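Trainee: So you can see what is in the structure, the chains are spelled out below.
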Amino acid sequence: MAERELNFGEALNEAMRQEMQRDPKVVIMGEDVAGGADVDHLEGDEAWGGVLGVTKGLVKEFGRERVIDTPISESGFIGAAVGAAATGLRPIAEMMFVGFMGVCFDQLLNQGAKLRYMFGGKAKVPLVIRTICGGGYRAAAQHSQVLHSLFTHIPGLKTVVPSTPYDAKGLLISAIRDDDLVIFFEDITFGGIKGAVPEEDYSIPFGKADVKRAGEDVTIVAIGKMVHHSLAAATELEKQGKSAEVIDPRTLSPFDEDTVLSSVEKTGRLVIADESHPRCNVATDIAAMVADKGFDYLNAPIKMVSAPHTPVPFSPPLEDHYLPNPQKINEAALGLF
Amino acid sequence: MDIPKDKLLWIYERMQLIRVFETRVSTEFGKGKIPGFVHLYAGEEAVAVGICANLTDADYMTSTHRGHGHCVAKGVDVRGMMAELFGKATGICKGKGGSMHIADMDKGMLGANGIVGGGPPLACGSGLTAKTTGTDQVTICFFGDGASEQGTLHESLNLAAIWKLPIIFVAENNGYAESTPAHYHCSVENIADRAAAYNMPGVTIDGNDLFAVYESAHEAVARARAGHGPSLLECKTYRHHGHFEGDAQTYKIAEENEKYRTELDPIKRFKDAVLARSLVSEAEMADIDGRVNAAIDEAVKFAEDSPFPEVQETFTDVYVSY
Chain A
1 MAERELNFGE
11 ALNEAMRQEM
21 QRDPKVVIMG
31 EDVAGGADVD
41 HLEGDEAWGG
51 VLGVTKGLVK
61 EFGRERVIDT
71 PISESGFIGA
81 AVGAAATGLR
91 PIAEMMFVGF
101 MGVCFDQLLN
111 QGAKLRYMFG
121 GKAKVPLVIR
131 TICGGGYRAA
141 AQHSQVLHSL
151 FTHIPGLKTV
161 VPSTPYDAKG
171 LLISAIRDDD
181 LVIFFEDITF
191 GGIKGAVPEE
201 DYSIPFGKAD
211 VKRAGEDVTI
221 VAIGKMVHHS
231 LAAATELEKQ
241 GKSAEVIDPR
251 TLSPFDEDTV
261 LSSVEKTGRL
271 VIADESHPRC
281 NVATDIAAMV
291 ADKGFDYLNA
301 PIKMVSAPHT
311 PVPFSPPLED
321 HYLPNPQKIN
331 EAALGLF
Chain B
1 MDIPKDKLLW
11 IYERMQLIRV
21 FETRVSTEFG
31 KGKIPGFVHL
41 YAGEEAVAVG
51 ICANLTDADY
61 MTSTHRGHGH
71 CVAKGVDVRG
81 MMAELFGKAT
91 GICKGKGGSM
101 HIADMDKGML
111 GANGIVGGGP
121 PLACGSGLTA
131 KTTGTDQVTI
141 CFFGDGASEQ
151 GTLHESLNLA
161 AIWKLPIIFV
171 AENNGYAEST
181 PAHYHCSVEN
191 IADRAAAYNM
201 PGVTIDGNDL
211 FAVYESAHEA
221 VARARAGHGP
231 SLLECKTYRH
241 HGHFEGDAQT
251 YKIAEENEKY
261 RTELDPIKRF
271 KDAVLARSLV
281 SEAEMADIDG
291 RVNAAIDEAV
301 KFAEDSPFPE
311 VQETFTDVYV
321 SY
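If you read the sequences in order, they're chains A and B.
Using our numbering, the letters of the first sequence correspond one by one to residues 1 to 337.
Using our numbering, the letters of the second sequence correspond one by one to residues 1 to 322.
Misleading hints may appear alongside valid ones.
[What the hints assert, rightly or not] Label pairs and their computed distance ranges (CB to CB):
{"no.": "1", "chain 1": "B", "residue 1": "Thr316", "chain 2": "A", "residue 2": "Ala291", "range": "28 to 34 Å"}
{"no.": "2", "chain 1": "A", "residue 1": "Asp296", "chain 2": "B", "residue 2": "Lys31", "range": "57 to 63 Å"}
{"no.": "3", "chain 1": "A", "residue 1": "Met118", "chain 2": "B", "residue 2": "Tyr322", "range": "37 to 43 Å"}
{"no.": "4", "chain 1": "A", "residue 1": "Asn325", "chain 2": "B", "residue 2": "Lys31", "range": "24 to 30 Å"}
{"no.": "5", "chain 1": "B", "residue 1": "Lys31", "chain 2": "A", "residue 2": "Asp23", "range": "45 to 51 Å"}
{"no.": "6", "chain 1": "B", "residue 1": "Gln312", "chain 2": "A", "residue 2": "Met118", "range": "44 to 50 Å"}
{"no.": "7", "chain 1": "A", "residue 1": "Arg4", "chain 2": "B", "residue 2": "Thr316", "range": "44 to 50 Å"}
FYI, nobody ran anything at the bench for these hints, they're computed from the structure.
Here the structure is a predicted model, which means the values were calculated and not measured.
All residues carry an ideal CB built from backbone N, CA and C; glycine is no exception.
Kindly produce the complete structure, drawing on both the sequences and the hints.
Mentor: Here it is as structure tokens:
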């Protein structure tokens, strides 16, 4: 029998549905996550279910007490989610676009991330914040950002960047069951990505990278959308006589150092693809880690492919120039031979 | 209040210019000519124009994601606007901002904004500049009903009040924050009632009645120019389009939508009012219609014919780029 395929959003929806069935303390909150609150003629199915429809239909099954539309008050509802998590609920909060994190940053940086530590371990914050990130949608500077590096820097937060529907479901279930605050990044261009997803619930452990393609000559560590670009680059490299191994860390905090180091030990070459701005990002962090712990494995300098140090431009030719792509990854890898 | 004839003609021309601009943007977006997101202002024209009829180019304005109408009312060139929406080098922001970040500092237009509630603190800044440098410039701070629940707005109302800043906070209450109705997301029926908490005048008016908007704005602008501090003006209105182009608008009530597109339409109501009182003739308005249509045709042609920016533009206008 053929494996069932879901798209990225459907996989996330199923993860939330199954966790809400399993645990009555799981609630969803955010702007338009149900949609059309208090609109008499709207039954659950016609409502938005989030701006990309990822939570569509959940209000019909679980009601508005558990799928809660919020006003456009990011500080308020993210802070409320932190407080609810610290007192017994397990909220999944949807921050529509990662740029909007700017509005509620205190509630993450100074509250949610620090409660457990400051309270001597007497509080836990089992909160997941799902958010849309990434360029390529012509959504301009405030709606196209890739900020996982910023959140990975903050102690007390876990950061998850899935690249496939299978990983999305398993990682979101882990995130919901995790007792820490998890920021879960969903690339805006992933709507059309389909893949095999088991119907039963399953979890993927944090801090365990996935080798998306095995290879011998060069290691490409790729984050989020860069996984797909790197697989395309690897196909091209194969034609050019180079065998690339593509590693998807899947979670950035915690980070699976061993899988990356073992791969570099085998290949001797490392390219890191990250849509972040080029300084103080996850790519530079991985590069520093490999320089520290895997220096003797390297036969060539470490190369990073990132977005430039500019805001995301609106105009299509500028945004195309801005974004990392398979060709840039391919060129970086070839430059190591 | 009597509005001078030349001002009435200007008002009609600006309202039509917004309507035709937005209708055309919808069409061009549908054809795939305009990338990204667009949030259209059609249906709310009397608010932007009724307010801006009381301003000069030197006055400031902060705007929202639904900012095209504010730009047109403030006198921003529609050719540069259309080119910006097309992502062209001749755009008012060189194609680097797009619909949600359209701005024109020369006209005091401090930017549309992709962040709901992003504008009010900036408005306090331009208000502070005017107050500190001793000019009589006022700032209009447009925000939607959705932004009325943001902390930034409440902090800004308080700041403006304690510093007596020359700001008119204009709530454009179109009934919905995206798909969420105001009666759910807002603790009060009238946003302007909150003015009492910040010790400033608050007025709720029919935002589709150009004359009501003009008069209320006239008073609030005079108060601000005279150094008597901020006001909060709530204009109840309605958007003809969805939150964004492509929104199926299932949350809207069909009869309500129809009513606002016909008998409650702000431009129709303005036309009926001025014709009934013989203030402006059919012929004068037809003449304006012709000029507006030509201007928008020309703007689209200008946008289409303009080049995209060179890729090197990616690295300009930012402190240190690489």
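Trainee: With reference to the structure, classify each hint as holding or not holding.
Mentor: A quick look at each hint next to the structure:
1. Thr316/B with Ala291/A: 28 to 34 Å: Given range 28 to 34 Å: holds, Cβ gap about 33 Å.
2. Asp296/A with Lys31/B: 57 to 63 Å: holds, 58 Å
3. Met118/A with Tyr322/B: 37 to 43 Å: holds, 38 Å
4. Asn325/A with Lys31/B: 24 to 30 Å: holds, 26 Å
5. Lys31/B with Asp23/A: 45 to 51 Å: Since Lys31/B and Asp23/A have Cβ atoms about 47 Å apart, the given range 45 to 51 Å holds.
6. Gln312/B with Met118/A: 44 to 50 Å: About 48 Å separates the Cβ atoms of Gln312/B and Met118/A, which means 44 to 50 Å holds.
7. Arg4/A with Thr316/B: 44 to 50 Å: holds, 49 Å
In summary, this structure violates none of the numbered hints.
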